[in-house]
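Number of protein chains: 2
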Amino acid sequence: MIKISFPDGAVREYPAGSSSMDIAKSISEGLARKILAASVNGQVWDASRPIYADSSLKLLTWDDTDGKSTFWHSSAHLMAEAVESMFPGVKFWVGPAVERGFYYDMDLGDRTISEDDLRKLESKMAELSKHNSPYIRKEIPKPEAVAYFAEKGDEYKLDLLSGLTDGEITFYTQGEFTDLCRGPHIPHTGLIKAIKLTSIAGAYWKGDEKNKQLTRVYGVTFPNQKELDEYLLLLEEAKKRDHRKLGKELGIFTFDDDIGPGLPLWMPNGTVIIEELERLAKETEQDAGYKRVVTPHIAKESLYLTSGHLPYYAESMYPPMELEGVKYYLKAMNCPHHHKIFDAEPKSYKDLPLRLAEYGTCYRYEQSGELFGLMRVRCLHMNDAHIYCSREQFAEEFRAVNDMYLKYFKIFGIDKYVMRLSLHDPAKLGQKYIDEPELWLETEEMVRQVLKESNIPYVEVPDEGAFYGPKIDVQIWSIIGREFTLATNQVDFAQGRRFKLSYTNKDNQPEVPLIIHRAPLGTHERFIGFLLEHYAGKFPLWLAPVQVKVLPISDKFVEYSRKVVAELKKADIRAELDDRNEKIGKKIRDTELMKVPYMFVIGEKEIAEESVSVRKQGKGDAGMVPLSEILLTLKAEKENRQ
Amino acid sequence: MIKISFPDGAVREYPAGSSSMDIAKSISEGLARKILAASVNGQVWDASRPIYADSSLKLLTWDDTDGKSTFWHSSAHLMAEAVESMFPGVKFWVGPAVERGFYYDMDLGDRTISEDDLRKLESKMAELSKHNSPYIRKEIPKPEAVAYFAEKGDEYKLDLLSGLTDGEITFYTQGEFTDLCRGPHIPHTGLIKAIKLTSIAGAYWKGDEKNKQLTRVYGVTFPNQKELDEYLLLLEEAKKRDHRKLGKELGIFTFDDDIGPGLPLWMPNGTVIIEELERLAKETEQDAGYKRVVTPHIAKESLYLTSGHLPYYAESMYPPMELEGVKYYLKAMNCPHHHKIFDAEPKSYKDLPLRLAEYGTCYRYEQSGELFGLMRVRCLHMNDAHIYCSREQFAEEFRAVNDMYLKYFKIFGIDKYVMRLSLHDPAKLGQKYIDEPELWLETEEMVRQVLKESNIPYVEVPDEGAFYGPKIDVQIWSIIGREFTLATNQVDFAQGRRFKLSYTNKDNQPEVPLIIHRAPLGTHERFIGFLLEHYAGKFPLWLAPVQVKVLPISDKFVEYSRKVVAELKKADIRAELDDRNEKIGKKIRDTELMKVPYMFVIGEKEIAEESVSVRKQGKGDAGMVPLSEILLTLKAEKENRQ
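From first to last, the protein sequence lines stand for chains A and B.
Position one of the first sequence corresponds to residue 1 (the numbering used here), numbered consecutively onward.
Position one of the second sequence corresponds to residue 1 (the numbering used here), numbered consecutively onward.
Don't take each hint at face value.
Just the calculated beta-carbon pair ranges, DEER-fashion [as the list claims (entries may be wrong)]:
{"#": "1", "chain 1": "A", "residue 1": "275", "chain 2": "B", "residue 2": "497", "range": "51 to 57 Å"}
{"#": "2", "chain 1": "B", "residue 1": "209", "chain 2": "A", "residue 2": "396", "range": "53 to 59 Å"}
{"#": "3", "chain 1": "A", "residue 1": "586", "chain 2": "B", "residue 2": "497", "range": "33 to 39 Å"}
{"#": "4", "chain 1": "B", "residue 1": "448", "chain 2": "A", "residue 2": "275", "range": "35 to 41 Å"}
Stretches of chain A that chain B covers, calculated by requiring three or more beta carbons in the stretch to come under 8 Å of a beta carbon on chain B [what the hints assert, rightly or not]:
{"#": "5", "segment": "23 to 30"}
{"#": "6", "segment": "66 to 74"}
{"#": "7", "segment": "301 to 310"}
{"#": "8", "segment": "356 to 367"}
{"#": "9", "segment": "514 to 521"}
{"#": "10", "segment": "629 to 637"}
Because the hints were derived from the structure by calculation, they are not lab data.
Since the model is a prediction, treat every value here as computed from it, not as a measurement.
Don't be surprised by glycine CBs; every beta carbon is placed ideally from N, CA and C.
With the sequences and hints as input, model every part of the structure.
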């Protein structure tokens, strides 16, 4: 018998050689039907693979990231089987799972694959899936594997084999298709119930443009049709909400060849949003006792040698400028600058916690090919702050930061979020992690307690902490269900020491402060990109670049309309007049396109009654309202950030 | 007879060989007594030097910069005479006028000069001045000059002579002292009525530290004792108001070796001032119809090639960062970035004037030796904006910018200011100035008219315009009478064309906009430096980092004091509690030192009457005031920016 420990801490005994599937079945047939693979001692295995030693076991289903990957990788094999049946003699390179789905790179010889072919392949895959063919794993001695692919004349798999040694070579077979593959795979093809092949692209073999171009086919699959339908709807919706498209249409941001890739220019409408976000952050941080600072965008090399960014982070930084024999770098983060402000005057325990905030602009080098709209940029306006505190103050400070996240989530209608708490690995203290075993356990436990008490959904991830302390990655979902990594929230034992920061404690002794790095609103770039998708460009009143558009029905009403605009501006509302010589219908349509929250239509009746006819974005006509009344309504809506 | 033209345009005839002094006497004896030198055809001459040809003449008095320089250079000679009488055999190097006063470098052999000696020298100079000795100019053939100094064994003057040729060598003699000097000088020593030798320093010969160290004696002189007394008072006051000293004491800014020279870190108190200034600018600009933008701090080389900053301005820029084969520069000005935003979307005459504003941070390379506190820095937060307009709109836009300057001057209590209007020279069109003769005349006249109509004091300076249009340098005086150059305001015909900017005019034709560059509040760095001196750190309520300090008389009153602080914060007033266990007298003194505008002293009586005892900075006890009442007073004072 072997001992199997489960994630909930339970330990049970099973006959040696039991597979994860056997174990699942012993628990419930219902569960067994959902098993895609299993994590055995931290490694993902086929559910059918026998276990011969005491192990920790986590059964993986569609709800697990590793379960999904296995499912999609197995789908790539299923697609390959279909392709081989349609294009005999096709040769395959690699077919991994990706973030959403999978692809397979293939050499079709002089044949090409069309959109029509994709539809045929989908049908073929559906047919093959009905066979419920198991994915069968077989360990193969290297000479045998080489002989197999040599006979097929498959130079690609032979190339892969050349890098492998005996003992690590496995073949997987399902139905008529056999592939060199390290696995793992799902139990059988029948689990793949909904299939969509999404696109065809060219891809150079091994990513090298000197090599032959292969055909890459992308697809995505699901365990049921409903999820596929939802996914396709999401794709369509995401296309409409594409932040690059909306950003251009609404005058939010632009790029320019003479400025440089990844360096957005914020247009007037985008700048309004930036200023509103900064106002929110400043108000929130002021109430929470933060102090603001302003620091330069460059610093000497020596600063980054002290912080340790050089040489370890050099590849993500812009190259240095050499001046008077000194190298200056654009800052890639604000922390070292803030540490210097902490250090500029002597500190005592009475000065702590000290919370230094700055919407600091950092510059990071991302490869050209990885730049993507506002999501991957080289210039980052960061909602940054560093909290310097004592160990006793840490839990309360950390809780306050978490509360700030929750406050923001509420304001922006972010209902789905999760915090990934990344912990240290005690075996790697002094190597991957700073050697402070007690501080690690203490702060991890404090962070865990805060998360529990705040009822914040979180997952714990061992061995993914930062070098200098546990960290939290905050993941949020837009209203259409797309996932974004918003920000990180980090505890730091190390930088204080590196920068020789200290304060005089109550016993009159020098002590190194703990530091919390936090940026709840992330960067303007990523957050506004997220908001564009989240709101589909229809910003709530307080964020909308133009809040009210005043539309006179004809020229006769322009004068009164002007007065209305002036009244609105006096009430601090961003209002514009549409005095074009156009039909009111066109004015309304154009304003709808610019996604302005409110339109005031003005004609004879409105003037007579000192009123305006209100149209609310997406909700149509809301009837005539006295001007004084609607002003109060708007003011409240704006101030409440509804 | 020769024709002499005067600055007012008058032309009169005088006998050939008349001196400027002769001419002055012919006008009035009173005037003649004030003459220090004369500008003859643009060159500064001794007033006694005869004029033989038709000339333009400007008589120079103490009110002219060149008059002052001549006065101070002559004072250096007077000092040299005194030194020679006290230290026979002393050898002199050079003795120029400086911004305020003069110095002379001298070789005293193995003797040294003491502070006591300075007092003795002052007396000696006063005595010599009473002789009313004339400064006598004499042209000397080179061999004779060499023989004179060879005999004296004066290697310094021989060194100077080696660089001169016959015909340009003159000696000046007053009393017992003769010097090699190209002049000019004032009529006689009797004009120097008030004398102060200010300091002694070492100075390497020719500024080269491999050479011998000479003794440099600094002094300043005036035509009357009153001006000297005022100057000494100003020096003392300026020392107390030194922005570097106050900046440190009040926690405004700091420098750090690891960040780099000229790169201030703005501490929390300084950042409060920055944010208040930005709020003022944003409100003012919003009311004036500006739109805000945000642009990156770097751009590709190609942007600055288009703008023309490269290669002409390269020496004032940080060196490039080379990335993926492209050179990126830190921006030294915001204009090219704003032009790109103008250009990002097609424009019609309906979009003009377009006013793009940004508190943009620019980086400029200043030599290490020229850096000075916040006054000369390498990082500049600029109150920048660019106005794109048609020719018809120009005058109104320019007037509005001027009004904005005046509005700011009023807010900051800047009573003395002058605008230097720099014009083109028609002879240099197409070389030093863009070849648009009509636009030059038109805009110069428009600018002139605006200045006249606004009653703004201004002076016109020919041949000092920018390449691309007339410019205005704004000079202001702090309350203690020191002069600062605040900002420039420029008209630009050229950049629009270089960047191929255009808008569709009413005739549906493309047209290049005029551009106004303006920055009324200059840079945070220089302006806050100015304000520190101007207010002696005693900022008005709206700018003060801490606006109210609440001082409980003893521990018993801390709880109520805390409530008062909370009330103040609710009213958006920056308040702090002094809950230290100190005597109230010490608390008051410490708060005075931090120059907090208001103190609320709280004891038993105050609590009983829901009041506070108010002390106003520099004005002492203002009596007990109900809390609700003082809150309203403060709110009004803050909002009115008094």
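Verification of the hints:
Here the CB-CB span from residue 275 of chain A to residue 497 of chain B is close to 32 Å, at odds with the stated 51 to 57 Å. In this structure, residue 209 of chain B and residue 396 of chain A meet the distance hint of 53 to 59 Å, their C-beta atoms being roughly 58 Å apart. At roughly 36 Å, the beta-carbon separation of residue 586 of chain A and residue 497 of chain B lies within the given 33 to 39 Å, and the hint holds. Between residue 448 of chain B and residue 275 of chain A the Cβ separation comes to about 37 Å, which falls inside the hinted range of 35 to 41 Å.
Coverage of the segment 23 to 30 of chain A by chain B is violated in this model, with 0 residues showing a Cβ closer than 8 Å to a Cβ of that chain against a need of three. Interface restraint, the segment 66 to 74 of chain A with chain B: violated (0 residues with C-beta to C-beta distance below 8 Å; minimum three). Residues of the segment 301 to 310 of chain A with a Cβ under 8 Å from some Cβ of chain B number 3, which satisfies the need for three, so the listed coverage holds. Only residues whose beta carbon comes within less than 8 Å of a beta carbon in chain B count, and the segment 356 to 367 of chain A has 4; three or more means the coverage holds.
Using a Cβ-Cβ cut-off of 8 Å, 0 residues of the segment 514 to 521 of chain A lie near chain B, which falls short of the minimum of three, so the contact claim is violated. Using a Cβ-Cβ cut-off of 8 Å, 0 residues of the segment 629 to 637 of chain A lie near chain B, which falls short of the minimum of three, so the contact claim is violated.
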